[in-house]
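Okay, here's what each chain looks like letter by letter:
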Amino acid sequence: MSELEAFLDHVAARYRRALLIKTGLLAGLSLGVLGVLAWRLQVAGGATVWSVGVPAALAVGVIAGLAWWMRRRWMSREGTAAYLDRTLDLQQRLITAAEYSRMTSPPALYSVLAQEITQRCSTRHPRFPKPLDHTTGILLVALLLFLFWPHQGAIRRSLIQPPEEPPTAPTPAETPPDPQPEDASQPQDRASPQAPSSGSKQAPSPSTSTQDQGQGATSSGAGQSGKPEASPSQSSSSSSTPQGSSPDGQSSAENPEATASPSNPQDAASAKAASGKNPQRRETSQASAANQEAGADGQSSKARRAKGSQKDQRSGSSPGSTQGAGSERNASMAASQQAAAQAQPSGQGTSGTSAGNQEAMKGEIQRLLKEVSGELQQLQTQLAAAQRQPDPKAGTSTDPELYESPAAEDRAGGTQKVPIILPTDTAATKTPRPSAGVGRPSGEVSPATPQMTSEEASLTDRPAEETPSARQPIPPEYRSVFDRLQREGPLSEQTP
Amino acid sequence: MTQQHLTVPPEEFRKTFAALSEELHRVIVGQAEVIERLLIAFFAGGHVLLEGVPGLGKTLLAKSVAHTLGLSFKRIQCTPDLMPADILGTQLVVEREGRKQFEFAKGPIFTQVLLADEINRATPKTQSALLEAMEEHQVTVSGTTFRLEEPFFVMATQNPIEMEGTFPLPEAQLDRFLFKILVDYPSAEELSQILRQTTVVDIAAVHPVVPTERAHAWILNARRLVREVLVASAVEEYVVRLVTSTRPSDNGAENAAKRFLRYGASPRGAQAMLMGAKVRALIHGRIHVSFEDVDRVLLPALNHRVVLSFEAEADRRTATDILTELTEPLRTTVTNT
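Quick mapping for you: the protein sequence lines, in order, are chains S and U. For the first sequence, position 434 matches number 434 in the working numbering, and the numbering has no gaps at all. For the second sequence, position 257 matches number 257 in the working numbering, and the numbering has no gaps at all.
Hints listed in this document are in silico derivations from the structure and should not be mistaken for laboratory results. Ideal Cβ placement from N, Cα and C applies to all residues, glycine included. It cannot be assumed that every hint is accurate.
FRET-style restraints, in silico, Cβ to Cβ [stated by the list, open to error]:
(1) Pro211/U with Thr104/S: 51 to 61 Å
(2) Arg224/U with Thr104/S: 14 to 24 Å
(3) Thr318/U with Gly28/S: 50 to 60 Å
(4) Arg120/S with Gly143/U: 52 to 62 Å
(5) Ala64/S with Gly252/U: 54 to 64 Å
(6) Arg86/S with Met83/U: 54 to 64 Å
(7) Gln115/S with Ala172/U: 41 to 51 Å
(8) Gly143/U with Ser2/S: 36 to 46 Å
(9) Lys125/U with Arg120/S: 20 to 30 Å
(10) Thr104/S with Gly285/U: 26 to 36 Å
(11) Ala6/S with Pro211/U: 19 to 29 Å
(12) Arg224/U with Gln115/S: 13 to 23 Å
(13) Arg214/U with Ser2/S: 32 to 42 Å
(14) Ala18/S with Pro211/U: 36 to 46 Å
To spell it out: a stretch of chain S is covered by chain U in this simulated footprint if at least three of its residues, at any positions, have a beta carbon under 8 Å from a beta carbon of chain U; those stretches are [unchecked claim]:
(15) 100-113
(16) 130-140
Please model the entire structure based on the sequences and the hints provided.
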């Protein structure tokens with residue numbers, strides 16, 4: 001191998017190494033961007049096809065494109081010579097020398113060319129692909145933007161400071177007897193625009209909201225949302241229940257590790273936020289248990305509030321429902337404050353709960369759940385009916401009394417009066433108008449009408465053609481000239 | 001083999017070429033490109049056809065080239081009644097030692113630098129008398145072949161505007177010219193300098209750059225050096241692609257070639273391009289041909305080797321326009337590769 005070939009091989013190896021590094025970096029950054037994009041889509045509550053399929057397809061495309069790109073830039077020895085010629089402005093010296101260097105007896109000028117190349121390459125250095133260039137910079141910026149830009153901030157803001165409650169729709173005419181806890185949950189269902197799945201309209205139950213958020217425990221909730229007749233115990237097994245006061249019962253609702261997938265850091269953050277409120281929630285459930293023990297009538301509604309607060313807390317922990325989180329948190333905080341206020345006078349009621357009381361409490365809870373389930377069914381029916389019929393608004397196309405009922409027009413008789421009567425129609429006229437106005441034609445003929453008179457016609461004896469006009473008479477002063485010309489010959493011959 | 005073994009080193013060739021060009025510029029004002037192409041064609045071993053209106057110094061240039069190179073020079077003024085024997089020579093009956101015998105009287109073609117002035121005024125028969133001489137550097141008269149003295153260099157001129165009483169050169173004749181060089185008007189500044197130089201008592205004259213006694217050998221060695229210039233296969237392929245792009249009958253011919261050309265360039269055109277590119281590489285201090293060298297000799301080497309179609313003539317398109325349009329994509333590709 002000649003010195004030139006060794007040089008070219010060395011440069012080619014360095015170039016390939018730099019190309020590999022750059023390609024790897026590009027691939028890593030591209031896949032990182034796509035991964036973050038997939039996570040963003042998943043957090044936004046998009047369908048799996050979009051949140052996983054599209055980034056995966058893009059990733060395949062990126063990898064294929066990078067492979068093609070690298071294949072195009074992968075250089076052989078001759079390619080390296082051409083690349084160096086181009087980058088070092090060697091004017092095809094290297095490709096020429098590379099060809100002649102393979103000859104057994106190179107021509108006389110080859111050595112001169114090799115010396116020239118050595119001189120030029122000693123002063124200039126080849127350029128290799130830089131790992132960090134505009135493309136990698138753009139990808140890095142895109143990755144950082146995807147990671148930290150607006151969505152994450154919105155979630156944090158919603159966790160720290162709940163947004164204002166959106167204006168609620170007018171409540172239907174038939175409202176349940178105790179609408180407070182339902183009102184607390186109703187805006188949640190209406191104000192959760194990021195749960196567009198079909199189940200939310202027909203069954204706005206807590207399990208439905210859980211299903212819409214695409215979390216792990218969706219299968220049972222989905223089945224129950226489609227079946228309103230399902231037993232409350234089933235729904236309580238999948239959704240959060242007041243049994244969460246027992247340590248075992250908190251598994252799905254209050255254990256962030258059980259619901260939040262580890263690949264979703266936002267879920268983990270929200271779950272952590274939820275777990276941070278655990279003592280307060282335990283207090284709430286304990287307070288509701290104390291109220292049960294006291295046997296007051298208002299216990300059912302309070303327990304419902306407490307349950308609602310737990311449900312809201314659980315659904316608020318999902319990152320998808322940012323707007324609903326504020327209202328849920330308000331409701332849960334109000335319920336817990338009420339429960340705490342009621343539990344305080346009873347003092348050590350919670351500590352002295354016996355097993356029998358627990359059984360009674362369990363039964364009471366089941367009864368309350370049935371009641372809540374019935375109310376929910378009723379609300380579902382009302383909501384569905386309200387959604388089916390658009391609200392009639394006066395003056396709009398939904399107003400049924402916007403137009404009168406169409407009456408059949410009597411066109412045959414012409415007896416129907418024109419609704420608009422002009423003053424001229426009723427004004428008295430001095431003279432009759434035989435040929436004007438509305439009415440039958442009089443048959444009179446106006447004297448101003450031109451009269452037709454008969455005329456006799458006959459053919460003329462004279463022919464229609466005109467007789468040829470006589471020649472202009474020759475003026476007397478030119479007569480002699482004309483006579484002389486007439487004698488000499490025809491006029492046309494003398495005309496030039 | 002090293003540079004010392006070369007009879008004419010590339011550096012000496014470059015310097016001599018520059019000296020020749022400078023000497024010619026003493027009498028020819030401006031026309032730098034014309035002079036460079038003329039000398040390139042000479043060292044490439046070809047002939048040139050100078051085309052331009054009268055009074056641009058074509059004849060002066062030809063005479064000056066012969067003088068600076070230290071070569072013999074003869075001139076033929078072509079007219080319609082010029083006969084081939086007037087160029088080649090004829091057999092004369094001479095009496096020697098009491099015996100009459102034929103003796104060949106050499107014509108003006110037996111020289112080293114021949115100027116055929118207004119060659120398109122000669123009849124095709126007379127024009128064809130130059131064919132053998134230009135290509136094979138020999139003439140055959142009455143069955144006897146005579147070698148011409150090397151280096152043999154023909155410069156022909158023609159007037160593009162005066163077509164009455166002229167005979168356009170046949171394709172075979174045109175193809176034998178390595179370059180067709182278009183001589184344009186000098187600029188205003190150059191014209192002022194021409195006036196200052198030529199309307200005084202002491203008119204500038206050229207002197208031989210290469211001594212006459214060694215001119216013959218030096219020029220032949222220089223021509224050998226030109227043939228030794230290195231060419232990469234990529235450059236050769238580029239020349240081939242440029243030449244084949246002018247063929248309208250090829251399958252992948254460009255639309256412009258099909259529309260405006262009847263016949264494309266011959267293989268002799270490719271040879272002319274590469275030889276011209278080799279000389280250009282040497283005079284620019286390189287011993288290898290680059291793509292740029294090929295580009296610079298493309299038009300003079302090919303613009304008389306393509307036959308325009310009727311549509312091109314109707315559109316008043318010149319061969320230069322069409323060649324530029326045809327080869328531009330190739331040149332762009334090569335430049336960006």
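At the C-beta level, are Lys125/U and Arg120/S separated by a distance inside 20 to 30 Å?
Roughly 56 Å apart at Cβ, these two residues miss the hinted range, so it is violated.
Three or more residues of the segment 130-140 of chain S near chain U by CB distance under 8 Å?
As far as the segment 130-140 of chain S goes, the hint is violated, because 0 residues have Cβ atoms under 8 Å from chain U.
For the pair Arg214/U and Ser2/S, does the Cβ-Cβ distance stay inside 32 to 42 Å?
holds, 38 Å
If you check the beta carbons of Ala64/S and Gly252/U, does the distance land in 54 to 64 Å?
Violated, at about 30 Å.
Against the range 36 to 46 Å, how does the distance between the Cβ atoms of Ala18/S and Pro211/U compare: consistent or not?
About 57 Å separates the Cβ atoms of Ala18/S and Pro211/U, which means 36 to 46 Å is violated.
Against the range 14 to 24 Å, how does the distance between the Cβ atoms of Arg224/U and Thr104/S compare: consistent or not?
Holds - the Cβ-Cβ distance for Arg224/U and Thr104/S, about 22 Å, lies within 14 to 24 Å.
Note whether the CB distance of Arg224/U and Gln115/S lies within 13 to 23 Å or breaks it.
Given a distance of about 21 Å, which is inside 13 to 23 Å, the answer is holds.
Can the suggested window of 52 to 62 Å be confirmed for the beta-carbon pair Arg120/S and Gly143/U?
holds, 58 Å
54 to 64 Å as the expected CB spacing between Met83/U and Arg86/S, which holds or is violated:
Taking Cβ atoms as reference, Arg86/S and Met83/U lie about 57 Å apart, which means the hint holds.
Hint check for Gly285/U and Thr104/S - Cβ pair distance inside 26 to 36 Å
holds, 28 Å
Is the gap between the beta carbons of Thr318/U and Gly28/S within 50 to 60 Å?
Between Thr318/U and Gly28/S, where Cβ atoms are some 57 Å apart, the hint holds.
Mind checking the hinted window 41 to 51 Å against the Cβ distance between Gln115/S and Ala172/U?
holds, 45 Å
In summary, the numbered hints that this structure violates are 1, 5, 8, 9, 11, 14 and 16.
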